[in-house]
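Chemist: Single-letter residue listing:
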Amino acid sequence: MNRRTFLAAAGVMFVEFPSFGQVPGSPSMKALDSWVAIGADGTVTAYSGKEELGQGIFTAQAQLVAEELCVPFAKVNLITCDTALTPDQAHTSGSQSHPANFNHGNLALACATAREALIRLASAKLGVPVSELSAVNGEVRSASKKIGYGELLGGQKFNLTLDPNAKRRDPKTWTVLGKPIPRTDIPDIVTGRFEFVQNVRVPGMLHGRVVRPPSPGAKLASVDGTSISGMPGVVKIVTKKDFVGVVAEKPWQAIQAAQKLKVNWTPGPALPPFAGFADHLKKQQPTRDTRLLDSGDVDQKLASAATVMKGNYYHPYQMHGSVGGSCAVADVQGDKATIWSGTQGVWYQKSACATLLGLKPADVHVIFRRGSGCYGLNGADTVTYDAAVMSQAVGKPVRVQLSRADEMAWENFGHAYALEERVGLDAQGNIIAWDHESWSPTLGNRPGPSTPGNVVTGTLLGYAPEPFVPRSPSPAAGAFNNNSNGIPSYAGAGCGNVKSVRVLVHNVRSAFFTGPLRSPARLQNTFAHECFMDEIAARLKADPLEYRLRHLSFFRLRDALTEVAKAANWQKRPSPNPKRPKTGMAPGRGIAVVAYEGDNGYAALVAEIEVDLATGRIVTKRIVVSNDSGPISNPDGMKNQIEGGALQGLSRALGEEVTWDETKVTSVHWGNYRSLTLGMQTPVIESVLINRPEEEACGSGETSITLIQAAIGNAIFDATGARLREAPFTPARVLAAIKASS
Amino acid sequence: MSAITLKVNGQTHQVDIDPATPLLYALSDDLGLRGPKFGCGLGQCGACTVIVRGEAIRSCVIPVASVAGVEITTLEGIGTPEHPHPLQAAIIELQAAQCGYCMSGVILSAKALLDKKPKAQKPEIERALQGILCRCFTNARIVKAIEKVRSTGEGK
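From first to last, the protein sequence lines are chains A and B.
Under the working numbering, residues 1367 to 2108 are what the first sequence spells out, in order.
Under the working numbering, residues 4 to 159 are what the second sequence spells out, in order.
With the rest of the complex left out, here is chain A (with noise of 0.2 angstroms):
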């Protein structure tokens, strides 16, 4: 049994992405037909619960059903999340899809059933031995017979189950599958063909626009309907509970509408204090606490130590801040619906719709469309209740896009973290016992069919979002489980020798949404772990490098750090540079590591930097990442993604933090949510690729956005001798720490 399934065997469970099971309905997961058909003339369509949202997925899985089918790859029409068609595969979520449909199971096992289905059919056609024919360019060839996939099935089903003992093809004889193949969908997407969900036009179609409360937790108090009467355009003021919204025929007449409707709000509680929030953070009460992991000695081997070192780190609220207004469309006839969403989970839409519609769920149909980039929980699933709920209203298609405002107000913020860090070194300087505590804020979640309360529409409409179950103290920690890197790295039941491990999180009541948001909790964790680790290096005046090595055991991360440091021309000596300027440009490096996950991706970033020590700006020059996610699918939609991951966490690293004043959220549209653009001084990035054909698929599509900024973190330590503890990394913020240092 490997590391991997070990773990899954143990009950791994990725709390930030609830699973909720298998919507009722749904096609059968072992049915080889859910997943592969062959027309009669031999055209090969596969079914896919994963959608492709930017990150490549949909190119790599046409070309898994090519290669496992040996069909060739411009043959394969692959659909994707519809729930009149596909399997149900929970959420496009988490780096989850690699490992779904990759391994021994789901799309991949279904190619390779499929194949060996049709080779078994040919042998009994043809008359020859199973062994004596192989699958090849769609027909099954003998050394002198060849008959076509269409004909061998006749446009018939399977009528078979998923084979576990069915082969995967052997990696090295691979011709599809683990190429550069380029993605399919950008040749229209550049020439302005491609359909996103924003695009979507149903014939008869209206336009909605929401009013959404002036504060978190105010509720409707009147609408002054009279305020609009006579503007042009206006269909219908549709208000249920706390939720308004206006229809018109077209979108600026709606925007209009919307604007100048009279609402009367009765407001919320007050907000808790943006200053100093790290420390309202743990002084929050209830508390929800879990024990991720307790050796049972820590507080002893502390008292041991001939060294203490302690460390706090804070992370803000963040946003997903997808680029597009987050947008669906509803037509919603009597009893019956059909949605377009650019959700990342559309069975749960199909049910959560059902229930705020009052419709069975076997008559409401969601397709996914891809929105803009969401890298997490965006406002695409609020935004289709929006939909749903005014096209049930005016009993016509309707079309809604989120205001910027409205998505950056309300959507589902990725989770602020406070985190404790200490550890306890023995004479040598070893670590010998590590412990961590966090408190992390939450309110709502991914919605599902009894939770659609957990976004902004769910609970306007009524719905209270999943409740919060304070518990405290804590249950015994059970089996390992890393839960989004709570544990370090450097733990024993993790990836290395520190056997006294403690690691206890309190969750505690947020006043915002919150929601999974592209490497949800693990780049909080991995940013507190690996500046901490940097913090002991540097005290040591060890290299960071080679304390990092001292302290790890398993190879892939071993490999990962090494082949980093490598391409990197790593310098071994301590951090802070000996040599580093008084004025002037200062330049870092700065190393992390992290086996994501545990066990789903294992990684590697070195980032050079320079620092203006004037300004406090930071300025990026190059990038290094190493990245093993077992066998490489598309190396170069693994480098894409590799590379957009490092940008986009240097670009939260560096700028972005939600803000809020008494009543509300402040940070609503670009000028005040700093994002990096593409104008910025773009860096040099460089990936290395470590692919292992003999290992599991994992992901890669979170793996350096979870690394940079503790890398950006130590370089900046490198460069001028200052500790950043809080993100993001500001000019202001810089400068205060290299004034502190100094």
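None of these hints come from the bench; they were simulated from the model.
Be a bit skeptical, because a hint or two may be false.
What the hints assert, rightly or not - These stretches of chain B come out as covered by chain A in the derived footprint (C-beta under 8 angstroms, 3 or more residues): (1) 7-18; (2) 25-37; (3) 47-60; (4) 82-89; (5) 102-116; (6) 125-135.
Heads up, the beta-carbon is just placed ideally off N, CA and C, and yes, glycines get one too.
On the provided structure of chain A, position chain B as indicated by the hints.
Modeler: Only chain B this time, still in chain A's reference frame:
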């Protein structure tokens, strides 16, 4: 409402529309074009970019009446999958897109720059992209794709 003449990608259209409506809505809803997209409505992100009088402008903040009768170029106006513009071809070749929602801003801002300055250097390219947001952060490939077109002189 009033009848307004729009000249888009070489074709003339009459639309009956409130003259204050931002151009974007006329293009995407009255004409059904998929290239220009709503991102912010504030001229901050570039997803709605079109070319008017040689300039890459933000169609989400320009009243439709102000460009009546003026030639407007959108993403679909400069090339097709079969015959892509060199910038579109370079993006395809370098796989310089992830979700791709930002492509109107990327490609049309680069086109407006290279039409005026065929030999624009990297800092000028970055300056032209200053107000364009790609939240997938495909920056490195995008800049490389534009530089590739610049160096071959095929930008027009």
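Chemist: Confirm or reject each hint.
Modeler: So, going through the hints one by one against the coordinates:
1. Figure legend: the stretch 7-18 of chain B, annotated as covered by chain A; annotation inconsistent (0 residues with Cβ-Cβ distances under 8 angstroms, at least 3 required).
2. Coverage of a stretch by a chain is defined here by at least three residues with a beta carbon nearer than 8 angstroms to that chain's beta carbons; for the stretch 25-37 of chain B and chain A the count is 7, and the condition holds.
3. With 3 residues having a beta carbon nearer than 8 angstroms to a beta carbon of chain A, the stretch 47-60 of chain B meets the requirement of three or more and the stated coverage holds.
4. With 4 residues carrying a beta carbon less than 8 angstroms from a beta carbon of chain A, the stretch 82-89 of chain B meets the three-residue requirement, and the given coverage holds.
5. Counting residues of the stretch 102-116 of chain B whose beta carbon lies closer than 8 angstroms to any beta carbon of chain A gives 9, which meets the minimum of three for the stated coverage.
6. For the stretch 125-135 of chain B, the assignment as covered by chain A holds, since 7 residues bring a beta-carbon within under 8 angstroms of that chain's beta-carbons and 3 suffice.
Comparing the model with each earlier hint shows a violation of hint 1 alone; every other hint is respected.
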